[in-house]
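Number of protein chains: 2
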Amino acid sequence: MKFMFSRRIQNTPKSFIREILKVTENPDVISFAGGLPNPSLIDTEGIGKAASDIIKSDGRSALQYSTTEGYEPLRQYIADRYAKRYNLDVSADEILITNGSQQCLDLLGKVFINNGDSVLMEKPGYLGAIQSFSLYEPEFHSVSLQDDGPDTGELSSVLSEELPAFFYGIPNSQNPTGITYSDEKRKEVAEILNEAEVPFIEDDAYGELRFDGKAIKPVKYYMPEAGIMTGSFSKIFSPGMRLGWVCATPEVLDKVIIAKQASDLHSNYLSQRILYQYLEENNIDTHIEKIRAEYKKRADLMVKTIRSELPPEITCTQPEGGMFVWLRFPDNMSSMKIFEKASEKNVVILPGMPFYVDGKGDKTARLNFTNSDEEEIKYGIGVVADVIKELYY
Amino acid sequence: MKFMFSRRIQNTPKSFIREILKVTENPDVISFAGGLPNPSLIDTEGIGKAASDIIKSDGRSALQYSTTEGYEPLRQYIADRYAKRYNLDVSADEILITNGSQQCLDLLGKVFINNGDSVLMEKPGYLGAIQSFSLYEPEFHSVSLQDDGPDTGELSSVLSEELPAFFYGIPNSQNPTGITYSDEKRKEVAEILNEAEVPFIEDDAYGELRFDGKAIKPVKYYMPEAGIMTGSFSKIFSPGMRLGWVCATPEVLDKVIIAKQASDLHSNYLSQRILYQYLEENNIDTHIEKIRAEYKKRADLMVKTIRSELPPEITCTQPEGGMFVWLRFPDNMSSMKIFEKASEKNVVILPGMPFYVDGKGDKTARLNFTNSDEEEIKYGIGVVADVIKELYY
Numbered sequence: 001m002k003f004m005f006s007r008r009i010q011n012t013p014k015s016f017i018r019e020i021l022k023v024t025e026n027p028d029v030i031s032f033a034g035g036l037p038n039p040s041l042i043d044t045e046g047i048g049k050a051a052s053d054i055i056k057s058d059g060r061s062a063l064q065y066s067t068t069e070g071y072e073p074l075r076q077y078i079a080d081r082y083a084k085r086y087n088l089d090v091s092a093d094e095i096l097i098t099n100g101s102q103q104c105l106d107l108l109g110k111v112f113i114n115n116g117d118s119v120l121m122e123k124p125g126y127l128g129a130i131q132s133f134s135l136y137e138p139e140f141h142s143v144s145l146q147d148d149g150p151d152t153g154e155l156s157s158v159l160s161e162e163l164p165a166f167f168y169g170i171p172n173s174q175n176p177t178g179i180t181y182s183d184e185k186r187k188e189v190a191e192i193l194n195e196a197e198v199p200f201i202e203d204d205a206y207g208e209l210r211f212d213g214k215a216i217k218p219v220k221y222y223m224p225e226a227g228i229m230t231g232s233f234s235k236i237f238s239p240g241m242r243l244g245w246v247c248a249t250p251e252v253l254d255k256v257i258i259a260k261q262a263s264d265l266h267s268n269y270l271s272q273r274i275l276y277q278y279l280e281e282n283n284i285d286t287h288i289e290k291i292r293a294e295y296k297k298r299a300d301l302m303v304k305t306i307r308s309e310l311p312p313e314i315t316c317t318q319p320e321g322g323m324f325v326w327l328r329f330p331d332n333m334s335s336m337k338i339f340e341k342a343s344e345k346n347v348v349i350l351p352g353m354p355f356y357v358d359g360k361g362d363k364t365a366r367l368n369f370t371n372s373d374e375e376e377i378k379y380g381i382g383v384v385a386d387v388i389k390e391l392y393y
Numbered sequence: 001m002k003f004m005f006s007r008r009i010q011n012t013p014k015s016f017i018r019e020i021l022k023v024t025e026n027p028d029v030i031s032f033a034g035g036l037p038n039p040s041l042i043d044t045e046g047i048g049k050a051a052s053d054i055i056k057s058d059g060r061s062a063l064q065y066s067t068t069e070g071y072e073p074l075r076q077y078i079a080d081r082y083a084k085r086y087n088l089d090v091s092a093d094e095i096l097i098t099n100g101s102q103q104c105l106d107l108l109g110k111v112f113i114n115n116g117d118s119v120l121m122e123k124p125g126y127l128g129a130i131q132s133f134s135l136y137e138p139e140f141h142s143v144s145l146q147d148d149g150p151d152t153g154e155l156s157s158v159l160s161e162e163l164p165a166f167f168y169g170i171p172n173s174q175n176p177t178g179i180t181y182s183d184e185k186r187k188e189v190a191e192i193l194n195e196a197e198v199p200f201i202e203d204d205a206y207g208e209l210r211f212d213g214k215a216i217k218p219v220k221y222y223m224p225e226a227g228i229m230t231g232s233f234s235k236i237f238s239p240g241m242r243l244g245w246v247c248a249t250p251e252v253l254d255k256v257i258i259a260k261q262a263s264d265l266h267s268n269y270l271s272q273r274i275l276y277q278y279l280e281e282n283n284i285d286t287h288i289e290k291i292r293a294e295y296k297k298r299a300d301l302m303v304k305t306i307r308s309e310l311p312p313e314i315t316c317t318q319p320e321g322g323m324f325v326w327l328r329f330p331d332n333m334s335s336m337k338i339f340e341k342a343s344e345k346n347v348v349i350l351p352g353m354p355f356y357v358d359g360k361g362d363k364t365a366r367l368n369f370t371n372s373d374e375e376e377i378k379y380g381i382g383v384v385a386d387v388i389k390e391l392y393y
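Order-wise, the sequence lines are chains Y and E. In this text, residue positions in the first sequence follow the UniProt record's numbering: the first is 1, and each later residue adds one. In this text, residue positions in the second sequence follow the UniProt record's numbering: the first is 1, and each later residue adds one.
Honestly, I wouldn't trust all of these hints.
Restricting the straight-line Cα-Cα distance to at most 30 Å, the calculated cross-link-like pairs of lysine-lysine (BS3-like) are [as the list claims (entries may be wrong)]:
1) Y:Lys296 - Y:Lys214
2) E:Lys337 - E:Lys290
3) Y:Lys14 - Y:Lys345
4) E:Lys2 - E:Lys296
5) Y:Lys84 - Y:Lys187
6) Y:Lys2 - E:Lys22
7) Y:Lys187 - E:Lys2
8) Y:Lys56 - E:Lys187
9) E:Lys14 - E:Lys49
10) E:Lys185 - Y:Lys22
11) E:Lys84 - Y:Lys2
12) Y:Lys56 - E:Lys297
13) E:Lys2 - Y:Lys185
14) Y:Lys297 - E:Lys56
15) Y:Lys56 - E:Lys304
16) E:Lys304 - E:Lys360
17) E:Lys185 - Y:Lys2
18) E:Lys389 - E:Lys296
19) Y:Lys56 - E:Lys22
Just so you know, the hints here were simulated from the structure itself, not pulled from any lab data.
Kindly produce the complete structure, drawing on both the sequences and the hints.
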């Protein structure tokens, strides 16, 4: 039997990260490669109680089929939180619950991308998004990220030549770089995109994880109609329950609903009900506060250790939130080589290449700080420093 | 802002069923239109206990990110069950856990369909599959269903003109007709497809619901390499937890894994763990036996009532399992008209049209018997009979 696979799937290689994560299943390995929330900060007790309570009080409904859009009170909760945190005027009708925010990318790919269309990414950009969109066979273009957001000159220049289906970006604690767009950049990006009539897909997976707790107005605030936000409960509640959402105007959400229904009818309803029950029974802000404090401590330690242990030619970002630090190597170094050598010593970093749609990025690497404890951070960065010395000094 | 939506989404109308289901949210309505398992047959107590137990004993892991393929012991359980029930030689490596079996269709669409490719369906065919595959812009062809399965002459004749990406069918208690392929037809279909090198996507959502409990060997048994099966826990465990699976050889599953990862990383892991815990703590076969007995009673009552109340020109299938009875009307009647009139009297049937890729089917309708009690079945069919008399006699 000779199978005739689709072009899209033949052209999508197995994810490099996925292959790396297999290595890190070995408990002797210190992994800075993944993007896992710290399991000690998952409130298993609170979630267990919420699960028990909802199955007892409304099990037959919670375990039955449900609506494509998702549980209405949960959608209302999300809309209210947008109003409270971001001063965004959003109604429950503008929210659809997804299987984690990764599914938002698949649904939005379905809704916006014809094969051959341009899609605009940050450079470097989130590789999960590159992978999702790839299945709809776009041509990728990218705009360089500076320390305060996209290079807006480059953005304008790309838009003068291309009309992309959308621009996809992560203004808060970007994945992979950890940088956060300045308020000024957000306004500029919105103005440029509005002018060009290009929607902005604003991935806000890390907005709740800003260490100082202060919310910055999203890009959508400056382009309410053409702004589409995606959000996630993975980082503040439980990743394994795969709960995220799309927020868009009814015109766009109508199309997302069709895509969602064709994709899997609706998201896990029991999990939606457990989550809402949890939000009723607990103060999620107290819990988020704990996560922020813990992650800030680890981020600061990682940056400090990098600066003291690694040669000064290697620079790193100072994250204001999120889960990642970004390393930049000088021209004579290769992150793939450093990755290989460090892996032999059971410390895994993530080379930057898969985050670049143009195949570049070997002078960069992403380090996750949320899933390692302080000893592991110190020891692991030490190993990376040793490897670099061995290779280049 | 003028949004530029993709062709695929512009060409997919809102689901007719979805619109109907909105009407049926009114508790005064008797609905034969949906496909909901009976909520009284969901073991809320057992699931509640399993949820508590797993969150207590292994919550941090159950609530964390997990592998794309799904929880290994659950995949092994499914493989073992294939061996036990169907005498199929399948390993855990050939199983991937999905969000209900609807997601299998989306993933297989991604893996197999280039826009413009032929896709072969049963006529009438499952509308959820039509909707899923539509997003990959195929050309649909269909093969008539006879009382014992597809018209194999027609199948051969279509295959002499078209090389479809696959043939999709439901050999056990088909949706919408309720018919079951005979053993002979299964062999013939497998031979024809093997010869033409066309994969068979065998949707087995209802195999466990055969009223007599006797498993019939699947088509995949006769074409192990090119047979791809999809399965579901929605009908025997909980639909709201959205748990299904794809079973295919490693060559195909490798591609499905890539599609799954790009779509949503992995299925709800907590739900997978709750399900497996439930399977450890309970005898699912006893539970399935209860569902079968209850559904058989309702199916028999519905068929008996149809035969006694409706004019003899209207015929219906006699289901051996599953959830649906299929009505065939004579040429002078219209299922849309009957649907409209009956809806005014708060009884909803599902006109057959959306199950036909060629726009025909107005002489047919699908009736669900699992989600109405005996009184509702008798009363509802009585209303349909009254409406038909009003309209046509």
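Tested hints:
no.: 1; hint: Y:Lys296 - Y:Lys214; result: holds (14 Å)
no.: 2; hint: E:Lys337 - E:Lys290; result: violated (37 Å)
no.: 3; hint: Y:Lys14 - Y:Lys345; result: holds (25 Å)
no.: 4; hint: E:Lys2 - E:Lys296; result: violated (53 Å)
no.: 5; hint: Y:Lys84 - Y:Lys187; result: holds (20 Å)
no.: 6; hint: Y:Lys2 - E:Lys22; result: violated (44 Å)
no.: 7; hint: Y:Lys187 - E:Lys2; result: holds (20 Å)
no.: 8; hint: Y:Lys56 - E:Lys187; result: violated (47 Å)
no.: 9; hint: E:Lys14 - E:Lys49; result: violated (38 Å)
no.: 10; hint: E:Lys185 - Y:Lys22; result: violated (43 Å)
no.: 11; hint: E:Lys84 - Y:Lys2; result: holds (29 Å)
no.: 12; hint: Y:Lys56 - E:Lys297; result: holds (29 Å)
no.: 13; hint: E:Lys2 - Y:Lys185; result: holds (24 Å)
no.: 14; hint: Y:Lys297 - E:Lys56; result: holds (29 Å)
no.: 15; hint: Y:Lys56 - E:Lys304; result: violated (37 Å)
no.: 16; hint: E:Lys304 - E:Lys360; result: holds (28 Å)
no.: 17; hint: E:Lys185 - Y:Lys2; result: holds (24 Å)
no.: 18; hint: E:Lys389 - E:Lys296; result: holds (28 Å)
no.: 19; hint: Y:Lys56 - E:Lys22; result: holds (26 Å)
Hints 2, 4, 6, 8, 9, 10 and 15 from the list above are not met by this structure, while the remaining hints are.
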